[in-house]
Amino acid sequence: MHMGWWFPHVPLALAIGIGGLLQLLPVFGSLQSLISVLPVPVSDLSGLSVGFKVLAIRGVSQELVGGLLTLLSIGLLWRSRLAWVLTLLMTAASLALQLLLHSDPNSALVAYSVFLLISLLLTRQSFHRASLTIGTLFALVGILLTVSYGVLGSYVLGKGFSPAIGNFGSALYFTVVSMSTVGYGDITPHTDDARLFTMSLIVLGLVVFATSLTTIAGPVINRRMMSLLQPRKKHMKRTGHIIVAGQNALARNVVKSLEKRGTQVTAIWGAAPQAGIEPPDDLIVGDATNSEVLESAGVRQARAVLALQDSDSDNAFVSLAAKDVNPDVRTLLAVNDAHNMDRMRRVKPDAVLALPVIGAELVAMALSGEEIKTDHLLDQLLRLG
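Residue numbers (our numbering): 1 to 385.
Worth flagging that the hints you see were computed from the coordinates, not collected in a lab. Where a beta carbon is used, it is the ideal one built from N, C-alpha and C, also for glycine. One or more hints might be untrue.
[Claimed, not checked] Once the Cα atoms are required to be at most 30 Å apart in a straight line, the calculated DSS-like pairs of lysine-lysine come out as: (1) K323 - K256; (2) K323 - K348; (3) K256 - K159; (4) K237 - K323; (5) K323 - K260; (6) K256 - K237; (7) K237 - K260.
[Said to hold, decoys possible] Quick list of the computed label-pair ranges, beta carbon to beta carbon: (8) N106 - L172: 32 to 38 Å; (9) A272 - A338: 31 to 37 Å; (10) T181 - R345: 54 to 60 Å; (11) S126 - D186: 46 to 52 Å; (12) D324 - K237: 21 to 27 Å; (13) F7 - H190: 50 to 56 Å; (14) A92 - H190: 26 to 32 Å; (15) R345 - R300: 23 to 29 Å.
The task is simple: from the sequences and hints, build the whole structure.
Written as structure tokens, this is what we have:
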């Protein structure tokens, strides 16, 4: 439980951030060259091309990849699935650039990139949060950075194209056409530097557009598919209801028992219902630790939130997310490991469902011949805060 709060996302985010900074080290000399020519008129960019060749051409997009890795490390701290996917792609791209574009690659940097790539693959299950807001933000930032890279590069290396790119409009036009891989052929690179730049711009454009489309359209398509698969379900008016987060037997039985007593219940499952399992009347498929999913479940109007998942850390995050959206909502957390009892109390839930404790108490009372006290058992079961 203690490690679940910070491992593996925190150390991996730090490792990715350090790796991104290492990628940026070779560019510091180029940045000095760029800064030294900034006071010159915009029409005279001959001095700027010297620094830009090292910044974006020789080494292609290694430094750009390093900057994006540093930015994505922040997303990994939030266990963002999109940040994990983009980091995996950028780490692989960084490794490929080191091996393919350098006659004498930095062995330490190559080994570090391999280590990060393996670590990302091994910890993929830990990055499961999908937020449309965060995903859209990363997508927009990625598009803006790539467009800026393309405009600046094509503008500076304008004489390497035919016809030459000499104004902002032509640079933006060439960038958009190259990123979308349309390639009308009216502007073509004819020098080695311009060709390398165009290749890097096309690859970055494909990666950014693909991930952005998946991030923005994915959740919308997923919700649409769920509504098509469950056409019989009508829109539920949620107010004064109870939210039950969990797909295990305990959560399902709690939902059934509450519904039998006439209580309005909204269930949140992490995956679509499997064959043979009857879904609840009001079901939302999503990550219960995501505040947007809780919002869609009506947590602002809910009476209580029951976090009954198999992971104690996930239950704690559900409680924190629910209290963040609605500080007045009551929360109850299930504890699957008795050793986590004190740590779960730090989340300050209204009650803790201590099934391992009640089981141990019942066995001890039965074997020792003690009188089974209902009040004592109830206190052990719920551990009211």
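Verification of the hints:
In summary, the hint linking K323 to K256 is supported, as the alpha carbons are separated by about 25 Å, within the 30 Å threshold. In summary, the hint linking K323 to K348 is supported, as the alpha carbons are separated by about 10 Å, within the 30 Å threshold. In summary, the hint linking K256 to K159 is not supported, as the alpha carbons are separated by about 72 Å, beyond the 30 Å threshold. The hinted pair formed by K237 and K323 meets the criterion: a straight-line CA distance of about 21 Å does not exceed 30 Å.
Between K323 and K260 the CA atoms are separated by roughly 27 Å; this keeps the pair inside 30 Å, and the hint holds. Distance check on the hinted pair: K256 and K237 sit about 19 Å apart at the alpha-carbon level, within 30 Å; holds. The straight-line distance between the Cα atoms of K237 and K260 is roughly 18 Å, inside the 30 Å bound, and the hint therefore holds. About 34 Å separates the C-beta atoms of N106 and L172, a value consistent with the hinted range of 32 to 38 Å.
Separation of A272 from A338 is about 32 Å and conforms to the stated range, judged on CB atoms against 31 to 37 Å. Against the hinted window of 54 to 60 Å, the Cβ-Cβ separation of T181 and R345 comes to about 55 Å, which satisfies the hint. Remark: the range hint 46 to 52 Å for S126 to D186 is upheld by a beta-carbon distance near 48 Å. Checked against the hint of 21 to 27 Å, the C-beta distance between D324 and K237 comes to roughly 24 Å, which is consistent with it.
Between F7 and H190 the Cβ separation comes to about 52 Å, which falls inside the hinted range of 50 to 56 Å. At roughly 30 Å, the beta carbons of A92 and H190 sit within the given window of 26 to 32 Å. A C-beta distance of roughly 25 Å is found between R345 and R300, which places it inside the suggested range of 23 to 29 Å.
Consistency note: the structure conflicts with earlier hint 3 alone.
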